[in-house]
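Colleague: So you can see what is in the structure, the chains are spelled out below.
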Amino acid sequence: MTNKKVIELEDAVVKFVGDSGDGMQLIGTLFSDTAALRGNDLATFPDYPAEIRAPHNTIPGVSGFQSHIGKRRVHTPGDKVHVLIAMNPASLKANLKWCRPDATIIVDSDIFDEKGCTKAGYTTNPLTDGSLKAYKLYSLPISTLTREYIEGKIGDLKAGMRSKNMVMLGVVYNLFGIDLKVPEHLVDKKFANKKTVAELNKGAQKVGYDYAENNNVFEEVLHVGPAELEKGTYKNVTGNVATAWGLLAAAEKSGRPFFLGSYPITPATEILMELAVHKSLGAKVFQAEDEIAGICSAIGASFTGAMACTTTSGPGLSLKSEAIGLAVMTELPLVIVNVQRAGPSTGMPTKSEQSDLYQALYGRNGECPVMVIAASTPANCFYYAYMAAKYSMEHMTPVILLTDGYLGFGAQIFKIPKMADMPEINPPIAEPNDPDFKPYIRDKNLVRKWAIPGTEGLRHRVGGLEKMDVEGIVTTDPQNHQRMSELREEKVKKIGDFIPEQDVYGEDSGDLLVVSWGGTEGAIRSSVKRMIADGHKVSHAHFNYIMPLPKNTTDIFSKFKRIVVCELNMGQFVNYLRASLPQFTYQQYNKIQGLPFLVAELKEKYNQILEEI
Amino acid sequence: MAIENSIEKAKEELVKQDFVSDQMVKWCPGCGAHAILSSVAKVFPKMGYKKENFCMVSGIGCSSRFPYYVNTYGFHGIHGRANAIASGVKVTNPGLSVWIATGDGDSMAIGGNHFIHIVRRNIDVNIMLFNNQIYGLTKGQYSPTTPMGYKTKTSPQGTVEPPFNTANLVMGSRGTFFARVVDTRPSLMSEVMYEAAKHDGTSVVEILQNCIIFADKTHDSITAKDIKDEHQLLLKHGEPMIFGKNMDKGIALINGFLEVIHLGKDGYTEKDVLVHDQYRYNPGLQRMLARMYPPERPIALGVIRSVKSPTYDDMVEEQIAYAKEHEPIKCVDDLLQSGDTWEIK
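Going line by line, the protein sequences match chains A and B. So the first sequence is numbered by my numbering: it starts at 1 and just counts up by one. So the second sequence is numbered by my numbering: it starts at 1001 and just counts up by one.
Treat the hints with care, since some could be wrong.
[Claimed, not checked] Counterexamples of contact, computed for chain B against chain A with all Cβ distances above 12 Å:
#, residue
1, Lys1139
2, Glu1195
3, Gly1238
4, Val1275
[Stated by the list, open to error] Which stretches of chain A does chain B cover? Using the computed rule of at least three CB atoms under 8 Å from a CB of chain B, they are:
#, segment
5, 98 to 105
6, 288 to 295
7, 414 to 422
8, 465 to 479
Rather than coming from a laboratory, the hints here were simulated on the basis of the structure. Note that beta-carbon positions come from the ideal geometry of N, C-alpha and C, so glycine has one too.
Let the hints inform the model, and build the full structure from the sequences given.
Modeller: Here it is in structure tokens:
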């Protein structure tokens, strides 16, 4: 290895693809964890097939795992692939379009027989017909190596052949010049309870590594040096797990019992599953009979004093609309997490989109204001879930937290906070026998008290019917309805006094301000960085607080010649801004393909706008 | 956890007045709901719980105004969702005595799903199902319990859909407690409500209630003065199923079916009459009893089924207690540090 040429890379996008039974998620995760332990920054994304068990070796059965490792900070799982590892013809066929023109492609040549190629829809063998000439192609006999390795070691050859993914992983480690110390440690940890499996896998890794090393398969070593990260303890988290943990953290900080009422729905189910595991923290997780029962049980729990949440995706949010109105009317805290997916209707459940913003802002009957927050990276799902719960409890209002499938399934390294450093959460809980208690008496922030059943001297009734200001009795008095409607609106707007100011990446004035929100932060930040590097006066304002908007939004917008709002929908945030801050002119860039933004297409749009100035 | 232990007791003896709210009761004069309200106000103080530990939850409909008329913690929900809301209340705080006021529209139609699932889970709540066989608050449309052929504003030629049998819906959902009463028997109602409240698990009390405006006399074949004794069978656990003005009729199992026998006729004596067993786990006979309907057979009133089974809320508490004792993660800091982590120095 010492004689090989070392190519220093700022970052590398590595994608492992194969049949859904080939163990791609496992080796993708192991590779990523190894990179993280070696100090790289990291963002990953699993690319599961929609079907649970699609036909073997066909395109619908392709499973993938993309890992973006960096010496520089990485913001996304990456646009284009530097290194593609393809275990079968179908996975190669499905993923070639994501490869850089000069990508390295490693395949298991043993699987590229006529049958395999035909099943994938190839008419000729891509390894030999010259179609991959532009790439650095390595056809290696991975299956043969695996068979030789397991023969004599394991009786069940079919089961033994499963370790071919580990043989391939060993090859990839050799390409990246990663010695096997860290990977072996991770395999031991992963299979701590299955020592023989751990040994078999470690051996398989070594077979692949040694084969590549001894045969000088790669002329070069790809080296991605450690990133400059803040001191601290880190771990790798998906957005969905981070969301679950943020909610649990808020419950602990507030001293309120935790309740989740939820119904499984892609891509939000993982939050429900993660929370179900943590009964030792007192988390009560109610898997309801439907989406409506999910939110209604949470509202009942909130009335009873729990930090209550419900988690869902777009179609589920539609079903919850009426109940969100109930939470608004009863002025109870509630966190509603919507892991957005491509819609409308069932849409494309495994594909991501930002098209539920209108639904979050407006999707209810009556004048029904709800705070809306959007997380923007897998790791900051923790923080925004926490803040959603904090504002919800402190301001006695439902809060919708928008994430999306890319954030939810995507993983990123996460600097582990200490609970002692998290912001305080002080819910306005009514004291027993408070002589001044009334259901709708408010403090200076227009927040009513949380009077929890069981508390002495506070018996009262709330509900979906309009209530008299302060007293809380049912009334249809016209002036009262006007007043209560205004109070509910004003209360949510007042949260604007508590949220942080909006920040701007780049200069705080210039030719073009790129505005975005939610899960597109990484791609857009990368594109703006490159524009700045190219010498353009471009800045980026990425919004996490949507309703209410940060107070300094007007100041920021007024300092740029042009504003372009980029979102993965047909223009929902831009229209919200047009309605909220009509004094500015907004341009927009939208994409609705179930795919993230690519840096190149964003840059093209910015350049086009800059030329018009 | 038996219910007696889980709900805090009142320090002083409570009276009906402790639960009377200051709100004007706006049900129609003569509505059966008044009798239900009065019966509940009698039962609550008898339970001996702290008055703050009662929580009344409702959905939408005439029945669902109930929380405003009793002075407890109350939650008036949205249509059909009372059972779902109450599930969250009870699971969050098993130390509350949770009562649900709901109707045949709320729990049999729009909220049917939540109804069968709360019953299936056996969450320890008390459901008062006001069954007036009509939509009252929306002014007279048929409901899922309206008898087939009944003419309403939305069925001018009579309905063409058979009604639910509430009891069988409950027992089909593995219900552990079902009782049926009529609004014209307030003392039976109080007795049954008390038993329902003491039951560990979901109790369903179906109250056959008269809607004086839109379905007046809908239960007349059961409650009319001249026939009520012949058409009502008051069940009491351990006692023979005898009824009739002169207590001369009984229910017997003949060839696998429940039949009315006349004591002293055809050689029948009291020995041939079935004895009610509300605690029998197998619901077979209880389901047959619940299906009886006049004029062929009397309707069965009282507690039809009351069996022991673990409650959802108890099992949740047990799982949490177990996890707290045995799992290594004791706080969120532990959680955050769990799994694979690494230091950047």
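Colleague: Which numbered hints are broken by the structure, listed smallest first?
Modeller: Failing hint: just 5.
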